[in-house]
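S.K.: So the chains spell out like this:
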Amino acid sequence: MKNTIFAFKNIHVQVESKEVVRGVSLEIGPGEKHAIMGKNGSGKSSLANALAGHPAYEITKGEAYINGQNLLEMDATERARAGLFLAFQYPLAIPGVTVANFLRSAVRARNGGDESVLKTFRKDLMEMFAFLEIDKSFAARYINDGFSGGEKKRLEILQMAMLKPKMAILDETDSGLDIDALKIVSKGINQASPSDGGVLLITHYQRLLNYVKPDYVHVMMDGRIVQSGGPELALKLEDQGYDWLESKNARAVEV
Amino acid sequence: MITDTIDFRKTAKNEPEWLYKLRRDSWSAYHDSPLPDRVVHLWRYTPPEQFLINDPHDAMTAAIPMPKGNGHKIKTLTEVQAALGYNLSDMTTLTQLTPELSEQGVRFLDLATAIETGAGPVQEYLGKLISSDFGKFEAANMALWNIGFYLYIPDNVVIEKPIYLNRIPTGTNTMTRLLVVAGKNSQATLIDNYRDQAESAAGQFNSIIEIFADDHSRLRYVGLQDFSEKITGYITQRSRIGNQTDLLTVQSILGGTVSKVNTGTILDGRGGNSRIYGLLFGDNNQHFDLHTLHNHRSHEAYSNIDVKVVLKDKATSAYTGLIRIEEKTVNNEAYQENRNLLLNHGPKAESIPELEILSDEVRCTHGATMGPLDPDMIFYLKSRGIDYKQAVRMIVSGFFEPTLKNIPDDLHDAVNGIILDKLEKH
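Protein chains in written order, with numbering that gives the first Met the number 0: chain P, 0 to 254; chain Y, 0 to 425.
Read the hints as simulated data drawn from the structure, not as lab findings. No residue lacks a Cβ here, since even glycine has one placed at the ideal position from N, Cα and C. Please note that the accuracy of each hint is not assured.
[Stated by the list, open to error] Heads up, simulated DSS-like pairs for lysine-lysine below, C-alpha to C-alpha not over 30 Å straight-line:
(1) Lys388(Y) <-> Lys163(P)
(2) Lys388(Y) <-> Lys122(P)
(3) Lys347(Y) <-> Lys135(P)
(4) Lys404(Y) <-> Lys165(P)
(5) Lys388(Y) <-> Lys151(P)
(6) Lys404(Y) <-> Lys151(P)
(7) Lys404(Y) <-> Lys122(P)
(8) Lys118(P) <-> Lys313(Y)
(9) Lys404(Y) <-> Lys118(P)
(10) Lys60(P) <-> Lys388(Y)
[Said to hold, decoys possible] Label-pair ranges, simulated between beta-carbon atoms:
(11) Ala139(P) <-> Lys424(Y): 45 to 55 Å
(12) His365(Y) <-> Asp214(P): 53 to 63 Å
(13) Glu326(Y) <-> Phe120(P): 55 to 65 Å
(14) Ser115(P) <-> Asn343(Y): 31 to 41 Å
(15) Ala139(P) <-> Ala200(Y): 42 to 52 Å
(16) Arg21(P) <-> Asn343(Y): 28 to 38 Å
(17) Asn155(Y) <-> Asp113(P): 53 to 63 Å
(18) Ser147(P) <-> Glu353(Y): 35 to 45 Å
(19) Ser115(P) <-> Arg194(Y): 31 to 41 Å
(20) Met369(Y) <-> Lys186(P): 27 to 37 Å
(21) Lys122(P) <-> Lys160(Y): 31 to 41 Å
Okay, chain Y solo, but in the shape it has when bound:
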């Protein structure tokens, strides 16, 4: 019984009663719920069976994470990093933070350690944006998560350099979480890097990200998923932003055999600003399924979604995006655009933007385009001596460029590099 494993973990990791109960209830929620309904847009394009947990014991018991000092080589922070968190293939989770930030009250810890040592108000936030009612596979994560990161930024603390997370798959079922609690007037950039290693086994990767950004904070979250095609990824992210809060969310989805990403921001305060940028490049038989949500629950907030998809070979992609403006809210602005570029005749892309607008005082637009490489653009570049391959490279880079410009410089080159590598293949 998996419940025995949860019991075991409680003992081994000294998990508190509330978490134990949360895990048990979440397991029931996962176990007892039917598969998601394929009629809803969220599940129309991706069969859910593949996200079922093959081996729940493996997810929890392959190893019990040790916070530090178990003989692994510990990476040291580089000059460009404010903090670094990573997990190893045996689920060991390690974190580092500069002493200066530590002194300012910033906490960046393995989530289990944060709970065990009471290092922060974890119970108040964990699962509050993505509970076990959110969905079947979100419930599975809550029951079984074994790798977790916790970032707490006190009010008025500005973290200039980016915080890096490196996450790797640990077996047939990897269950990982990130919880960010950012105080008033705080600032930070998080770079969340998903990548497997050559020796990683094939498996599923389930990641949940919850971000709480309090009034007047400015956060940037940049996800970079570059799994090999051994990995099936399931990533759900929700952020809640307060008054006059500014959040940039970037999802670069480049790897994995199947990658289902659900990302969204709840604009809970007056004058909030949330931009979500998606950069997807699929090749071979990759399948991407990206859902975005902007939920305006307050007034005078601005949101913008810009999702760019490039596909080649037989890759497929589905983008569904929902903008929801709640009743009795005024003067919200919400924009949504999805553009798809198909490099040959094999790939297929779907695009379904949706609006649920329950308020009259709102400005909204949404649009989608889909098309092949423009032969006239190719000819224009060729007529200047540029060869076909380079012409395609330039057009694809150019297609992403206006979106890429919005992400931090060091990642700009990394993402563009992966895209160009994918173009080089074949």
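This is chain P alone, in the form it adopts within the complex:
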């Protein structure tokens, strides 16, 4: 087994007693970026939510490790503290909780309650706001409350940058972004990606991968990874769509 930051094997996920992920395995080494592509309903987001510990996504079978620690023995809080980060496809609004207070609590929690990490908090936060071209006033606004789609996605990447995860799963972070916002978000992802950690990009489209270059591309279909390759696979999908894989996969099943 190679040196991995994040590895999972034969993961099965059920949502409301329906199996939506049916045996997915992946190994992500330090500094690697992987992309999972696939159509709507292929199980990509379910996989992401299950790995992050959402209680509605039950992992019924399989193994998963972050930095050698057994992920499946941890709840969502512990997974985050172990270095896992999920950028949400639909980030939730939490009325009454300001972005700054939330991030302060999260940074402290991520670092095992160590207050000393907060010494440069304000400065780091302001720098990241500037880098992601988010107005400073957002620090005092309630989390995602009344934010536009693009603002929500930028805030997810801001959180990633502040929390410095070992392994980041980005669930359709590019969806709903116009080209300018996509560039800013991509810049943020590249900046925040840990050099010794891993990134898993979940996306429909090649578009994001023009700005955040993956080392490996995997295609999910019907709850399984049906094809893996290099960045050229994403280009082929962009060019030819998913149909060729569907027929190939259907044939494989027939055989």
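Please build the complex by placing chain Y on the supplied structure of chain P, with the hints as guidance.
M.R.: What follows is chain Y alone, placed relative to chain P:
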């Protein structure tokens, strides 16, 4: 006979004839009236029997209040206070006011002393918003009240710092009143704190608050009820505001075994502005019953009600709110919102907003929401390394925050602290 006690009090406290008659008539009103009808919304959710006076003699005679200097340690005003009024467990009522305000004509006194010494136009106002016809338990208070505070602010006097009231239960039946008469262009903030002491006996606490705010005045009344679960609270408050008058009313209802609070503003002048904010957090077997009233009797006035309720364990709460816009009034705006957050499966909340709109030229909205903690919100916070307990704390604080923001800073932290303490339990 309780009437003997009223007679005794007249002699002992040298109460004037008009008050004596008011007490006697109010006692009859209390004694002769039936229990409130459970069919009306106001009484649908809380059995009235528990507010009957067990021991009317106790309410009046445990001690005769002494205004000052009877050997008790007198609290001194702190730098952040304009005035301080409090009662002791033997019903002694003490008040303090800064000399500067006293010189400006402000009066802040034990109500009985104010009446006895003729320190202000008490007779003109006492019981005029909440008379003995108002309700059975309001009549009981008028007959038997023994702890009272009187605040008079002359025209054009601005009181910058808050006025504090600390009220404690004094036995099986505590009967307390507050009368505020605020002149034109005056300003003040009142912080009315209800809390029992470790040694307090179990009992009922009946409090009546009447606030008269004259034209162009700006008042803030903040009630903070944090009784232990030994106490059953019954609080009725009415304010009447004049032209271009601004009143903020906050009711933070956090304690007591049963707490029935009826709070309301009569918008009696053109361009009045009344906001009522409710912050309720119940746990264990606590029961809250909050009623609000906004009664628009003039034109171009604005009112807003925002009631937030959080319940856990087996706590229950009922919110009923009435907006009434009188005939022949124009261009009033009235809003009402009640949101309920249930932290587990045990608690129950009711919400009944009502509108009585007798005028066509009006803008009104009302709404209610009720729901459990959102598991997706919890997951979002947990996915950032925050643990479950802290996630709940953040969501509950966040739920109250937009409402809490409207109350004075020093109370903001106090109320939030009580809420967080309650969350910590279990």
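S.K.: Please go over all the hints and tell whether each is borne out by the structure.
M.R.: Verification of the hints:
1. Lys388(Y) <-> Lys163(P): holds, 23 Å
2. Lys388(Y) <-> Lys122(P): holds, 28 Å
3. Lys347(Y) <-> Lys135(P): The hint is violated at about 41 Å.
4. Lys404(Y) <-> Lys165(P): Distance of about 38 Å is beyond 30 Å: violated.
5. Lys388(Y) <-> Lys151(P): holds, 25 Å
6. Lys404(Y) <-> Lys151(P): holds, 24 Å
7. Lys404(Y) <-> Lys122(P): holds, 26 Å
8. Lys118(P) <-> Lys313(Y): Violated, at about 42 Å.
9. Lys404(Y) <-> Lys118(P): holds, 27 Å
10. Lys60(P) <-> Lys388(Y): holds, 29 Å
11. Ala139(P) <-> Lys424(Y): 45 to 55 Å: violated, 31 Å
12. His365(Y) <-> Asp214(P): 53 to 63 Å: holds, 57 Å
13. Glu326(Y) <-> Phe120(P): 55 to 65 Å: Given about 58 Å between the Cβ atoms, the range holds.
14. Ser115(P) <-> Asn343(Y): 31 to 41 Å: This hint holds: roughly 36 Å between Cβ atoms.
15. Ala139(P) <-> Ala200(Y): 42 to 52 Å: Given about 47 Å between the Cβ atoms, the range holds.
16. Arg21(P) <-> Asn343(Y): 28 to 38 Å: holds, 35 Å
17. Asn155(Y) <-> Asp113(P): 53 to 63 Å: holds, 55 Å
18. Ser147(P) <-> Glu353(Y): 35 to 45 Å: Check passed, 38 Å falls within 35 to 45 Å.
19. Ser115(P) <-> Arg194(Y): 31 to 41 Å: holds, 38 Å
20. Met369(Y) <-> Lys186(P): 27 to 37 Å: Check failed, 43 Å falls outside 27 to 37 Å.
21. Lys122(P) <-> Lys160(Y): 31 to 41 Å: Holds, since Lys122(P) and Lys160(Y) (Cβ atoms, about 37 Å apart) stay within the stated range.
Of the numbered hints listed earlier, those contradicted by the structure are 3, 4, 8, 11 and 20.
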